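Q: In this text, residue positions in the sequence shown follow this note's numbering: the first is 307, and each later residue adds one.
Mixed in with the good hints, there may be bad ones.
Claimed, not checked - Label-pair ranges, simulated between beta-carbon atoms:
(1) His309 x Lys387: 19 to 27 Å
(2) Gln405 x Lys478: 15 to 23 Å
(3) Lys384 x Thr316: 33 to 41 Å
(4) Tyr317 x Ala357: 15 to 23 Å
(5) Thr316 x Arg474: 39 to 47 Å
(6) Asp438 x Asp308: 23 to 31 Å
(7) His314 x Thr430: 34 to 42 Å
(8) Asp308 x Lys466: 17 to 25 Å
(9) Leu443 x Arg477: 17 to 25 Å
(10) Lys482 x Asn319: 34 to 42 Å
(11) Glu471 x Asp308: 47 to 55 Å
(12) Ile495 x Leu398: 29 to 37 Å
(13) Ser323 x Lys478: 13 to 21 Å
(14) Ala357 x Thr327: 15 to 23 Å
What the hints assert, rightly or not - Listed below are the simulated EDC-like cross-link pairs for lysine to aspartate or glutamate, each with C-alpha atoms no more than 20 Å apart in a straight line:
(15) Lys466 x Asp359
(16) Lys387 x Glu368
(17) Lys402 x Glu358
(18) Lys414 x Glu368
(19) Lys384 x Glu329
(20) Lys402 x Glu392
(21) Lys494 x Asp460
(22) Lys402 x Glu475
(23) Lys464 x Glu368
(24) Lys464 x Glu329
Derived by calculation from the structure, the hints in this document are not laboratory data.
Note that the coordinates shown come from a computational prediction; the quantities given were computed from them, not determined experimentally.
Here a beta-carbon is modelled for each residue, glycine too, at the ideal position from N, C-alpha and C.
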Amino acid sequence: ADHNRQMHLTYFNMISSLIITLETRDPFTQGHTERVTKYAMLIGAAMGLSAEDLNTLRYASEIHDIGKISIPDFILNKPAKLNKLERHMIELHPSKGAQILEPLEFLKQVIPIVRHHHERFDGTGYPDGLKDGKIPLMARILACADSYDAMTSDRPYKEKMSLDEAIREIRKNSGKQFDPAIAALFIKILKKTPVV
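Starting from the given sequences, assemble the full structure and let the hints guide the process.
A: So, in structure tokens, the structure goes:
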């Protein structure tokens, strides 16, 4: 059992190193993974997830963008709006991430979360167009945390939003992009303890 745990930790650390490598390729996303993990854990704890589920959510948050390793730098760092083909390539990263993790049996519970963290509550997301309760709960949590960090971070093509602007955006997209219950809870968390 100890040997298995050590092996799993070694595999996971290797994946985490890939994520750090990915973030160095794209200076605008440095720290993104760490912040998204923090936000997701705040939401998960407020929802009363079990210690085991929180651990799964933490793993998923830490490696949710692993599929971006397959995206060329010129797309990741493009300082203008993406064209249709570039957008399509970016939208492949959740399914690519799931493929990368597939051989790792100990991460099997994490794979659907990584695959579905860009689904939208109204069914217009990707890669599978899942809707409301069909989207895994932890993927819905991660979607909210990930989007909030994207809104409140500088990117090559946009300036970051303020806390109030991001809260308005989450509220506006509640029931469309975000699970309304998770959005409402996250807004409460942000108002109580701003985590910008």
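Q: So, for every hint listed, does it hold in this structure?
A: Results of checking the hints against the structure:
For the pair histidine 309 and lysine 387, the beta carbons lie near 50 Å from each other, so the given range of 19 to 27 Å is not met. In this structure, glutamine 405 and lysine 478 break the distance hint of 15 to 23 Å, their C-beta atoms being roughly 33 Å apart. Distance hint for lysine 384 and threonine 316: a CB-CB separation of about 35 Å, consistent with the stated range 33 to 41 Å. Between tyrosine 317 and alanine 357 the CB atoms are about 21 Å apart, so this pair conforms to the stated range of 15 to 23 Å.
About 44 Å separates the C-beta atoms of threonine 316 and arginine 474, a value consistent with the hinted range of 39 to 47 Å. The hinted range of 23 to 31 Å is not satisfied by aspartate 438 and aspartate 308, whose Cβ atoms lie roughly 41 Å apart. Separation of histidine 314 from threonine 430 is about 36 Å and conforms to the stated range, judged on CB atoms against 34 to 42 Å. Separated by about 44 Å at the C-beta atoms, aspartate 308 and lysine 466 break the suggested range of 17 to 25 Å.
Distance hint check: the CB atoms of leucine 443 and arginine 477 are about 21 Å apart, consistent with the given range 17 to 25 Å. In this structure the supplied range 34 to 42 Å holds for lysine 482 paired with asparagine 319, their Cβ-Cβ distance being about 37 Å. Between glutamate 471 and aspartate 308 the C-beta distance comes to about 49 Å, which sits within the given range of 47 to 55 Å. A hinted range of 29 to 37 Å for the beta carbons of isoleucine 495 and leucine 398 is consistent with their spacing of about 31 Å.
One distance hint, 13 to 21 Å for the beta-carbon pair serine 323 and lysine 478, is violated here, with the actual separation near 37 Å. At roughly 30 Å, the beta carbons of alanine 357 and threonine 327 sit outside the given window of 15 to 23 Å. Pair hint lysine 466 plus aspartate 359 does not hold up; C-alpha atoms about 31 Å apart against a cutoff of 20 Å. Our distance criterion of 20 Å between C-alpha atoms is broken by lysine 387 and glutamate 368, whose separation comes to about 27 Å.
Only pairs whose Cα atoms come within 20 Å are accepted, and lysine 402 paired with glutamate 358 is rejected, the gap being roughly 25 Å. Of the supplied pair hints, the one linking lysine 414 and glutamate 368 holds, its CA atoms being roughly 15 Å apart against a limit of 20 Å. Simply put, lysine 384 and glutamate 329 have alpha-carbon atoms about 15 Å apart, close enough for the 20 Å limit, and the pair holds. With a CA separation close to 15 Å, the supplied pair lysine 402 and glutamate 392 stays within the 20 Å bound.
Between lysine 494 and aspartate 460 the alpha-carbon distance is near 24 Å, which puts this suggested pair outside the 20 Å criterion. Of the supplied pair hints, the one linking lysine 402 and glutamate 475 is violated, its CA atoms being roughly 28 Å apart against a limit of 20 Å. Restraint check for lysine 464 and glutamate 368: not satisfied, since their Cα atoms lie roughly 24 Å apart, outside the 20 Å limit. Pair hint lysine 464 plus glutamate 329 holds up; C-alpha atoms about 18 Å apart against a cutoff of 20 Å.
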